[in-house]
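**Q** These protein sequence lines are chains G and P, in that order. Taking my numbering, the leading residue of the first sequence gets -11, the next gets one more, and so forth. Taking my numbering, the leading residue of the second sequence gets 245, the next gets one more, and so forth.
I should point out that these hints are in silico values taken from the structure, not numbers from a laboratory. Honestly, I wouldn't trust all of these hints.
A few chain G residues that face chain P, going by a derived Cβ cut-off under 7 Å, partial list only [stated by the list, open to error]:
1) T114
2) T117
3) K118
4) V119
5) T302
6) R309
7) M312
8) R314
9) L318
The C-beta atom is built at its ideal place from N, Cα and C for all residues, glycine as well.
Letter by letter, the chains look like this.
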Amino acid sequence: MEQEITLAHGAGGEAYRELVRDVFLPAYGSRELRELGDSALCQLDETARLAFTTDGFVVRPLCFPGGDIGSLCVSGTVNDLAVAGAVPRFLSVSMIVEAGFSTDELRRVAESIARTAESANVRVVTGDTKVVERGKADGLYVVTSGVGSLDGDWALPGQAPMVGDALIVSGPIASHGMAVMAARENLCFQPPIESDARPLASLARAAYETGVPVHAMRDPTRGGVGATLCEWAAPGVDLLLREADLPIRLDVRAACALLGMEPLFAANEGVFLVAVPQARADELLAALRAHPDGREAAIIGRAVAGEGRVLAETELGTQRRILMPRGELLPRIC
Amino acid sequence: MSDARALAGALARAAEGMPPTVVMEVCGTHTQSVARYGLRQLLPPGLSLISGPGCPVCVTDDADIARALWLARTPGVTLLSFGDMLRVPLSGGRDSLLRAKEQGADVRLATSPMDALRVAQAEPSRQVVWFAVGFETTAPLTAALLRRARVEGVRNVSVLCAHKTMPAALRALLRGNSRVQALLCPGHVAAITGVDAFRFVPEELGLPAAVSGFGPEEILLALTDITRMRAGGEVALRNDYPAAVTAAGNQAALALLEEVMRPCDARWRGLGSIPGSGLTLHEPYADWDAARRFDLSAVPEVSPEAPTGCCCAEILRGERAPTDCPLFGRACTPERPAGPCMVSAEGACAAAYQYGGI
């Protein structure tokens, strides 16, 4: 572990994992935390359990095509609950506001939170506000926590893909990461690239209700689909992607090419990745596609016996290795 | 993409009877594309592909980075550069522009030199410095920035010029280098300089060469041309990127470059000083030269020595592969690069690390 925290420790890749492993887990790693799931599954007594999660939002700019920090902070927490198999119920919203921030803008963020919460069928039940000196919080930071009930009429998803699984993504990837990067760096794509930020509880529910056994489900936010697959790959299982099958919107693909970004590593806020037995994959895919948030769902690969690698089959029929992304994603030269 | 398979087949047929051939590519985007698409898996036996010094941020010298860091930390200065430049550390250390930014320096990521002009105009109280890196591809953009700044009288912008030119470096690198038998020429650079700028490769160095685009099919096509030449004992230069590259190049860009900059000696990280391989500003633009506007004598000296064990110099000359280096993947990773080839995604070692080891 390095002597100082760098931006890389917040980027969701290898450095971040090191931080969690070397600092947080030794200090307060409970049984639940050690699972390192999107949500913690907490046992209250012999029968009652709940799902609990939290997330901090430091996005810049606060407003970007397709969303804002308000829609993002609700979606992010709702989605962490949903992919754990929970029914998202209650949210807390903590605001850290920089002095001088426009009240109107804060009101717009609050309204966006309300709208998104309503669409996700969750209630904001508690909150907190702190104001810090000018220049200290980039305008506004938001932290949301969420509680979900585990009373859905479905089996909870597993933690990792098994050999013989199909890998399915619920929609086009990389849209959020590229939308925010374009907005932050003033790259004026016309029309602008829109973020996919949205709550996925309803779509996840549609997936669970098929009864198809879900061996793993994640919303691949920071670090993108690539990082999630790298976390999933375990000894005995290789994950094989077919690159040609990755759904990527044309404008997002073009922006990635222009900026030298790898779509597999760009953040998503409105898709999940799911592993189900190959034989039931079409059934799950049909259920996702029948839902308005999953129309572009696609099978992108499979889990095979192997050594814990993630491999992409390129459009040329060659293979390349996908490794856990490192550090912050930055556009390349020319 | 069945085209690509057909091309791979054509390449394999062309390679029948060809003497063993090592082709060097010298463009970061080629390095990246070759690795990303696993093109080495499609190469016939006897044909191998190595990466030369084509990643512009990788070859940016420590002394230039030290100056940029010093400027970035000077009160009142806003420093802009390309994204991947921000990550490049000083040799053997952790200091980088990204680190300076984390510590509070006003370092901003740009996608074009013109961003610096915009910032300078929008924030007249700041001294805005464009840290200019790259080959002939980006140098005309810096020249355009300088001309606009001069014409419009924008005084609070300046350029820390670390541009380099490809032909001079290739001459120095390949002359007397017996390990490389052919050259894949960089399409982006050639789009500016024209194919003719690479005539010296067959004529002076005696190596067959092809100018290539960046898609996997384009690279395979150029490699097929090179292979045919090698099999037939022919030494020539082919333009396999005619959609973007002409014989004489982009005359407007070249004229602009000539008006604003002139060649100078330059130090390349890992390769040392190469005569005539850099660009510096002509006298009428001296007022916009950050090296003159600021007193850089206070910039701490950097030791020019490579970290012990680092093979980047040999890798850039094509004498070793990234995986031959004892530091590769251990003491040298993209997160903590020891040598220049690991610093950018376009560097030979970083590409081998990211995509290698199937």
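**Q** Hints broken by the structure, by number, lowest first?
**A** Checked against the structure, the hints that fail are numbers 1, 2, 3, 4, 7, while the rest are satisfied.
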